[in-house]
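Using the supplied hints, reconstruct the complex from the two chains, each of which is provided in its own coordinate frame.
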Amino acid sequence: MIRRQKVIVSLLCAVLTVGLLAGCSGKNGNGGSGDKVTLRMIESLTSPKRTELIQAMITKFEEANPNIKVEFISPPFDQADNKIRTMLGSDEQLDVLEVRDLTVAEFVNNGYIEPLNSYTDKWKDFATVSAVSKSVGTVGDKLYFVPNGLYQRQMFYRSDWLKEAGLNPPTTWEELYDTAKKLTDPAKNRFGFSFRGGAGSNGTTDAMILAFNGDKVNLDDSMFTKDGATIYSTPEAKAAMELYLKLYKDASPPDSINWGFQEQVQAFTSGVAGILLQDPDVIQSLQEKMTEGTWATAPLVTGPTGKALFAAGGAGWGITAKSKHKEEAWKLVEFLSSPAENTKFSKDYGLIPIHSSATEDEFFKTGPYKTLIDMSNKPDTFVNYKPAFQYPGTGQWGQVTMETGQSLLLGKSNLEDTLKKWDEYWVDQKTTLKQ
Amino acid sequence: MKKQRAFILSGLIPALLLVLAFTYYPFLKGIVMAFQEYKLFDLRSVHFVGIDNFKAAFKDPKFIMALQNSGYWVVISLFFQFFLGLTLALLMKKQFRGRGIYQGFVFYSWALSGFLIGMIWKWMFNSQIGVINDLLLKLGIIEERIGFLSNPHWAMFSVIIANVWYGVAFFAIMLLAALQSVPSELYEAAVMDGASGVRKLWNVTLPYIMPTIIATTLLRAIWIFNDPTIIYGLTNGGPAGSTHILSSLMLDKIIYGGDYGAASAIGIIMIAILLLYTIFFLSVTKAEKAGEF
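Protein chains in written order, with full-length UniProt numbering: chain A, 1 to 435; chain B, 1 to 293.
Since the hints were derived computationally from the structure, they do not count as laboratory data. Among the hints, a few may not be true.
So the derived list for chain A, only partly shown, Cβ under 7 angstroms to chain B, looks like this [what the hints assert, rightly or not]:
(1) L162
(2) P253
(3) I257
For lysine-lysine, the following DSS-like pairs were computed, each having C-alpha atoms within a straight-line distance of at most 30 angstroms [to be verified]:
(4) A:K326 <-> B:K39
(5) A:K421 <-> B:K59
(6) A:K412 <-> B:K62
(7) A:K142 <-> B:K39
(8) B:K55 <-> A:K434
(9) A:K249 <-> B:K138
(10) B:K55 <-> A:K83
(11) B:K62 <-> A:K430
(12) B:K62 <-> A:K421
(13) A:K421 <-> B:K138
(14) B:K62 <-> A:K238
(15) B:K29 <-> A:K83
(16) A:K412 <-> B:K55
(17) A:K289 <-> A:K188
(18) A:K420 <-> B:K138
(19) A:K420 <-> B:K59
(20) A:K60 <-> A:K122
(21) A:K83 <-> B:K39
(22) A:K430 <-> B:K55
(23) B:K138 <-> A:K289
(24) B:K59 <-> A:K412
(25) A:K246 <-> B:K55
(26) A:K421 <-> B:K39
(27) A:K188 <-> B:K138
(28) A:K322 <-> B:K138
(29) A:K307 <-> A:K134
(30) B:K29 <-> A:K420
(31) A:K412 <-> A:K142
(32) B:K39 <-> A:K434
(33) A:K324 <-> B:K39
(34) B:K59 <-> A:K182
(35) A:K324 <-> A:K289
(36) B:K59 <-> A:K430
Glycine included, each C-beta is placed from N, C-alpha and C at the ideal position.
If we strip away everything but chain B, and leave its shape as in the complex, we get (with noise of 0.2 angstroms):
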């Protein structure tokens, strides 16, 4: 028993070291690196400060307008993601020709990087050369260009239609495997009783794809959160930083400040705020549903 006990031990090695080399080290390193001073330009006086990164976030007008920042990115984003992926997956439902086609437009926006994406929507915008405001223009619905990048009344609101757009076909396709897989049994119940469709939707479907809504709204909120490479191909967190967020900034301490220190501390806020956020989401939608997906 002892010998098996060992040789199970034994074979358990190589994998849990690749779990500690490429996980806990770069975990456990981003800890200690937050109450250092870690600046790539001077590696030579790498020392604990103790919170001092922490404190000087906190004191940072940009932090906080990040942190701002992500509350909207987050909620206002998911909502729309949410809604208008539940109605597409809730159409291409249905059969009708030309189904497969229209489904793959659908999902394309999915299979391109946040980058990209970024970048694309960048010229769009544009209030130059870029197609929205020429299009509004010729609409008649503005009378002058609208700076969307440049205007920081807009471009967070700019930013966050781009993140719309991208996510959409995360819930489309994801609801609608859900959506397949509500029986048809249940729904000829249903009609037998009389229940019409609005009430087919709320009594029927919606409670049986819920454990999928509960793992998919969870999931997509932390990609949302974390994700900047959108916001990066954009605007850059500007103008100004008014289209920061927390990972986007995180990012802008590496790339232009070396500060690998202050950098490591906004990713323990991070973390922190996302572990608050789940512990509240699985308690309030009752965790057990979600565990069926």
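Here chain A stands alone, though its shape is the one from the complex (with noise of 0.2 angstroms):
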């Protein structure tokens, strides 16, 4: 009795630890069943309704080819650039992934992703994609990710507020900061600017800097000027942020050294702040929450010598160096990409479409999207510049931004010492790509 116990047991040990190591080693393909591909796709950007709306056309695209199947991957936001990363490192299959202009350089450098240029050579609705959308997903002279959409700053302004106060949209810095203190009214519990002190807080000061700095600054290597300093070196770096801190304290809500994106649309939508700079993708929220009439959008803010520069954002699909189904993944690349799925994609989410015939759209060339062909019809106002996404550090920059910006805000620091902190940032940077 107790031997057939015994056998038992061991078997039951051994049935237990051969599983525990197949466990260990998940490195799973296809299953190796028949023809049929399996992609594994990640994305970055995540939030509930745009995996909804990837997925819908991941269904779509599973569809019109039987052979390949797609498993969707989507981490939190917070996590999913560093699950990515994780993933790459470990060599984990990965086929497509979402590459966005902040992580590009890094991947391109670590060798993790794949150039597309043999793939848009053959791909018939490539002529048709924008000038700007090609340059985000570039990388020296190759092109490594297909936007999904871009993402470009405008101002969003209570039109009513404006209107009471007998004031009209601001169209510099400084009178973004006249009109802002004049709509503040701390016991009605109003502010004229939506501050954003919390995560991406380098988006105003960034903005603020370059724009002050005009014609100084090198569009090809944004964070240095044509001379080859940083831009925080000069003396209209130093008088921006000079307003940035009026605007903070007399125009914004205290609350707001802390706010992130989200907050700072809330401040907009519940009307407690009055002027908003923000990528077209909040316009679904504004209309969903605000009263129509209530709001309008306007071009953004210049600097002192008259430009504003700006840069078009995004994020896009690319295919990893490492995968073993690169023309089935770029079949999927090329799909999400097309124009049809990709216009669709930009009017349900709220981004610019990539494809230059999809602006034709009466959808975009009415209502708050307008401002943004505005944008793009003035160059020599609105200067496209392209962000300096080949440093390494440029992921990082945000959060130094945003920790030092807050203990400058709270009169911890002073300004001249930030400033410098920044300069050396990119002094730094500059270096250390050179090596």
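The structure is reproduced here in structure tokens:
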């Protein structure tokens, strides 16, 4: 009897051990079943609505290509990029991935992603992909991802508040400050500007410093001036930051020192703040939450030299260098980037489509998108620059600015020291890149 | 006999493998990483750097601040959680109508995730649209809205309040269970000896539930020390790093910096602090009592 028990226990142990070991070697390809190929795809800018839209496109793709199955991974937004890095670093199977303007240089430097030029050469719709979209996905002279839409900042303002106060929408940063200050009335819990001092605060500081530096900026290496100094070392940068401090102190809610995207938009929709600088992906929630006619859009405000520098940002689909199914992966990227799918996705999610043909659509020519098109028609005032995505430290820059910027706003450090730190950061980036 | 031993050993293998894979491997890997430059952005240049990560931590003002904050965070939170929890448990021990429902309400906070609590309190503390400022204004206690989360003097205080609210239920549950196990004969005997309410609490109740008190405060202190979720949800460590505790700073190093080396070094320092704390706590409270829990 005991012997029998022993045999059973031994067997159980063996099964458990084998199971455990098998579990450890988790390299699952396509399961070896027939010719069906499984592509693993991961997104980065995850949000519930976006995931749903992408999933719907994938389903459509799978129906059109019964031999390809797509396994779609959607990690939570704040962990997504680290998850992608870990998967790439540990050689897990991954075929299609969402590459961001922020991460592309790093992925290319590590040899994680495949240049797409040989594929786009044979792609008939590539001709209508806009130059800006191509530039966002390009490192050196190679294209590494096809953007799935572009983000570009513009101004949103409470037209009813401005009308009530007899004001016009501001066109310069100085005017923006004056207008915002006039709209501010803490007793009524009303503030002029929807400030962002938390995650993503460099969106405002960099925009102001670039606008103030104006013509001095090297458009191909935007953290530096044409003389090779950083944009943070100039007297213009100091002037910009002085205005920035005033903007926080006189025209923004004190709490906004911690605000990120969500709070910033919420303050605008709930009637706490009157002016918001944001990308078009907020348009939908403004349309949903605010009464029509209470808000409107305007182009970005300019600096003292009459120029506003802007960069279109974006993320898009790339293919991993180690993918075993590159042809199929490209098929998927091509499908997702086709004019029909991309235009639909851009409309549904609030992005600028990547195909220039799509901007002919009435949808983008009227309403809140119109100012974006207007801006692109005035290239002398609204100057497009290439963000410094080639530097490996770009991804960390947001965190550095947020922390030093918050202690500046709190009065824990002074303006000179802060700008010096920023200057040193980019000087350091440049030297590391040269090595 | 030898065969028997071999059999037992072979039977232990799966369990051992599981423990090795999921407990000791990450632990050892963490120790190794603490001595490496290990950045997710640059996995190709992972190399040993000796104790550089530790040196960098102690030179970093943010780390020193997080160390101090961890002290306030644990001591103040634990103190209020315990006393409020004990008060609630004593109140709930009495029989009254609707006690079950009342208990449900009290324990509710314990069922929420720390991150969610952080998010809820973040909106409540909001200086423009938050309910707390609104209430204080309407009650005439304050004249101007307070930036609970934006003013560094208030921020740490605010996250501690949220944490106290969260942990009271834990103590209430545990202490209520202990209170209900105190034999009624003890109270009867105390009454015969002429003991008053306070004396009964002091001489009968507290000594009887002491093992539970010791075990729960020990455990809870470790949890509070290790749990960054409320801080993460509420302030993300801000403004300007003023609400970071060690565990949230460690997470910060990973999420925003991808710096596993620096994060592991902080992790090792945390383990050392906890070890010292546990040894101290158990020797002060006479460890054998806690074992009866």
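- Taking the numbered hints from earlier one at a time, note which ones the structure violates and give those numbers from smallest to largest. As far as the earlier hints go, 1, 13, 18, 25, 28, 30, 31, 34 and 35 are violated by this structure, in ascending order.
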